[in-house]
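Colleague: Sequence:
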Amino acid sequence: MDGLMQKVRVCTLTYVQIPEYFVWNNSIKIWSERKKGKTIGRIVVVQPSAGDRYYLRILINKIKVPRSYDELIKFNDVKYHDVEWHASMSEGARCATPFQLRDMFVTFLNNCFIKSPKHLWEHSWKSMSKDILHKRQRLLGHTNLELDDETFEQYT
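Number 131 in full-length UniProt numbering belongs to position 131 of the sequence shown; there are no gaps in the numbering.
If you're looking for bench data, these hints aren't it; they were derived computationally from the structure.
Errors might be hidden in some of the hints.
Said to hold, decoys possible - Computed spacing ranges between beta-carbons, pair by pair:
1. L140 x V16: 51 to 61 Å
2. E20 x N111: 49 to 59 Å
3. G51 x R138: 33 to 43 Å
4. S90 x R136: 17 to 27 Å
5. V106 x K29: 31 to 41 Å
6. E91 x S27: 30 to 40 Å
This structure is a prediction, so every number in the text was calculated from the model and none was measured.
Just so it is clear, CB atoms sit at the ideal spot from N, CA and C, and this is done for glycine as well.
The whole structure should be built from the sequences, with the hints applied where relevant.
Modeller: The structure is reproduced here in structure tokens:
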């Protein structure tokens, strides 16, 4: 099968189906067409408690050969954005401490695929900085200290 036909065929398969028709050639780092009979593909079990790894596994079993995370966040022609992260930060701002919000923000950055971290920051930095003035006043021993927005953002 020539390269173009192989690419067309691969694009119709999900991640789980690829080993049925192709074999990974580790020496040249490409998938080659399988010449011998059928094989049983195997994917490691991922528990729902694994969070993002579990959901990634679900997506790669549904989406035909994703090449990037941008393709993974689009499913059934619907593109999923950072709305859930913004909503989580807004909800947290109502009941969590600024320290907890900062911790949550860092957790999102480390463990979640956020399409626009800068936009999420701009949306939520003010709620994460509500304790900064008090902390700076206490640290510097200056109870009348005032900070502008730029300084608040830098300390946050």
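Colleague: Would you say the C-beta atoms of E91 and S27 sit inside 30 to 40 Å of each other?
Modeller: violated, 51 Å
Colleague: With respect to the beta-carbon atoms only, verify the hint that E20 and N111 lie 49 to 59 Å apart.
Modeller: violated, 32 Å
Colleague: Between S90 and R136, is the Cβ distance one that fits in 17 to 27 Å?
Modeller: holds, 25 Å
Colleague: Okay, V106 versus K29 on CB: inside 31 to 41 Å?
Modeller: With Cβ atoms ~35 Å apart, the hint holds.
Colleague: State, for the Cβ atoms of L140 and V16, whether the hinted interval 51 to 61 Å holds or is violated.
Modeller: holds, 59 Å
Colleague: For the hint 33 to 43 Å, verify it against the beta carbon of G51 and that of R138.
Modeller: holds, 37 Å
Of the numbered hints listed earlier, those contradicted by the structure are 2 and 6.
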